[in-house]
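Asks: Kindly generate the complete structure, drawing on both the sequences and the hints.
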Amino acid sequence: MDNQHKNTYSIFFNGETLELKLILSLKGPNVMYFTKYKALFNSDEWETINLIEGDLIPLINQLDEINRNNKMKKYEEFREKLNSIWETYLLEREAIRLKINQEKNFNNGIIIKRIK
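The sequence shown lines up with residues 83 to 198 when you count with the numbering used here.
These aren't lab readings, by the way, just hints derived from the structure by calculation.
Treat the hints loosely; a few may be bogus.
[Stated by the list, open to error] Pair ranges (Cβ atoms, derived): (1) N165 <-> F123: 18 to 24 Å; (2) L172 <-> N96: 17 to 23 Å; (3) G191 <-> G110: 30 to 36 Å.
Glycine included, every Cβ here is placed at the ideal spot set by N, Cα and C.
Replies: Shown next as structure tokens:
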């Protein structure tokens, strides 16, 4: 865990809340994952995924898997809007800038708040 720092965020959309972890690394790419996605695996499976994928499964694919297990309201709309801010790195850039208890409204129905 040297040269890494983990921040925790809540993402809000249409009454849904998902917790997101961002591991900031000085020696490689940053890693983002939903804690609900991680909860779908036991710890051994999670470690294998983490080692194989390196920077893990893309955030949108994680969201698909979460929705398969827990149906979300207006899922397709959420997925589309989240993807538009994730694939351009806007989500990551804005998340890194936030201080604890500060939030960012992306003006598309998605709000992110840093909680740790």
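Asks: All hints are to be evaluated individually against the structure, with a verdict given for each.
Replies: Status of the hints after comparison with the structure:
no. : hint                      : verdict
1   : N165 <-> F123: 18 to 24 Å : 23 Å, holds
2   : L172 <-> N96: 17 to 23 Å  : 19 Å, holds
3   : G191 <-> G110: 30 to 36 Å : 32 Å, holds
Violated hints for the displayed structure: none, as all numbered hints are satisfied.
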